[in-house]
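**Q** Each chain, letter by letter, is given below.
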Amino acid sequence: MTEDLRALLRAELNDERPPPLGDVVGAALRDGRRIQRRRRAGLVLAGSVGLVGFLLAGSVALVPGPRSDQLAAESVDELITPAAAPPEAPRAQAAAKAPVSPGSVPFGSAVPETLAPQRSLAIRSGTHDAAGTPTKATAGAMLYLLTKLLPAGAASKPATADTGPLSVEVILDRGAGPGTIRLELDQAATAGPRPARGDTATVTVADFPDDCTRSTTVTSRWPDGTTVRLEVGTCLALKSGDGPDGPPVLSQKEAILLASNPRWGLTMDPELVAVGDKQFGALPVPTP
Amino acid sequence: MTDDEQFAEFAQAHAERLRTTAFMLCRDWHLAQDLTQNALTKLFLNWRRAVQSDNLVAYAQKILFRVFLDHRRLRSSSETTPGVLREPVHRESHELRLTMLDALARLPERDRAIVILRYFEDYSVERVADVLDLPTTVVKSQTRRSLAKLRELLAEDQLALFG
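Going line by line, the protein sequences match chains A and B. According to the working numbering, the residues represented by the first sequence are 1 to 288, in order. According to the working numbering, the residues represented by the second sequence are 1001 to 1163, in order.
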């Protein structure tokens, strides 16, 4: 089958009449060098700001957290993990474990306000004990939890995807301009028996400065394979440059805390599912 | 040879292949050119890491597929491509060609990428999962769905392709 399909596709491609390739290599080189220059300038600026921040923070207090709460830089993806990742990530304060209920999910981990352009870290978010038997997650439950976890602002246009992994999106406006927030839930396959959920998520943060529809992407991976992917946009436009590009609607810290919340999973609180389905029963599918 | 020269040499040698792959994904030569250029830019930015990979071509393709899937959220990726004027060739091959391309184009972008990787690039399920950053279970299930969809769309004489 594979050979036949491949042969058919090759035959089709042979019949195509592509335009001249042009100087894509030269253009890629020029773009790449320009981005490199911009990054270097950004690093210098970030280094200066970071030094000032470090000095200010050091003058207030430095309380090392317990070993289990240490934020450790980890390699997640060869394309995402930065080559120049900081050798040692900052420490976090101890996570305070407290009862949770929809709309009031506590976070204990201290997350740095800003990080390098592409980086990974481990966040100990704690575990969440569902009130009742966990129920299969639904888009309604996801939207309900998402809107509860978002900071104060006007959330509108909730929507979901009709295919693929569970995925929802909402427009958030905190007064500085609207931005799109998308969240996707999935679970990776495991070779042997699925390990326990655990209390520490590996979080990868990546920036896409050229794509305002998802300026920051935070991916949170749990030991049992649960993956939460959060995309934070700085504009509403589906095409960068088509609309106003404002500041991110979530800070890095807020995005990391949201994506690493222990309540996300393919099974969720039955109460969340019930309330979410009631509130967001018939979700529209966004038009790409 | 400097890094830039190494990159330029590699890019010159493989740009056409990358553009062809991009065309299969988007069915638009101009968009394919943009995607190729974006992928090469990202490859240039990651060149030192890329040259340490086992398979530089596969690394470049991985970037290309991710660039394409990132692009799927942009409005332009869902705009209808104006019809391309094709000169008639042999009737049977003409129908065959259009049917397969059209059928592929009707798959969602990610599913199309899976099918192309699995059946054109001959990647394993695990490798497809790695390229697209998906669980292998999703790759398997989406492959099944995509093939079923293709079966629905393709002409009777092409169903033999699916055994």
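Rather than coming from a laboratory, the hints here were simulated on the basis of the structure. All figures in this text were calculated on a predicted structure; none of them were measured in a lab. Quick reminder that beta carbons are idealized off the backbone N, C-alpha and C, glycines included. Mixed in with the good hints there might be a few duds.
Rough simulated footprint, nothing fancy, chain A against chain B, three-plus residues with beta-carbon under 8 Å [stated by the list, open to error]:
1. 1002–1013
2. 1017–1031
3. 1101–1114
4. 1118–1124
5. 1128–1141
Cross-link-like lysine to aspartate or glutamate pairs, in silico, EDC-like; alpha carbons within 20 Å at most [to be verified]:
6. A:Lys136 - A:Asp224
7. B:Lys1140 - A:Asp186
8. B:Lys1140 - A:Glu184
9. B:Lys1149 - A:Asp186
10. A:Lys253 - A:Asp173
**Q** Would you mind marking each hint as holding or not holding in the structure?
**A** Results for each hint:
no.: 1; hint: 1002–1013; in the structure: holds (count 5)
no.: 2; hint: 1017–1031; in the structure: holds (count 6)
no.: 3; hint: 1101–1114; in the structure: holds (count 3)
no.: 4; hint: 1118–1124; in the structure: holds (count 4)
no.: 5; hint: 1128–1141; in the structure: holds (count 6)
no.: 6; hint: A:Lys136 - A:Asp224; in the structure: holds (16 Å)
no.: 7; hint: B:Lys1140 - A:Asp186; in the structure: holds (14 Å)
no.: 8; hint: B:Lys1140 - A:Glu184; in the structure: holds (19 Å)
no.: 9; hint: B:Lys1149 - A:Asp186; in the structure: violated (23 Å)
no.: 10; hint: A:Lys253 - A:Asp173; in the structure: holds (18 Å)
Of the numbered hints stated above, the single one contradicted by the structure is hint 9.
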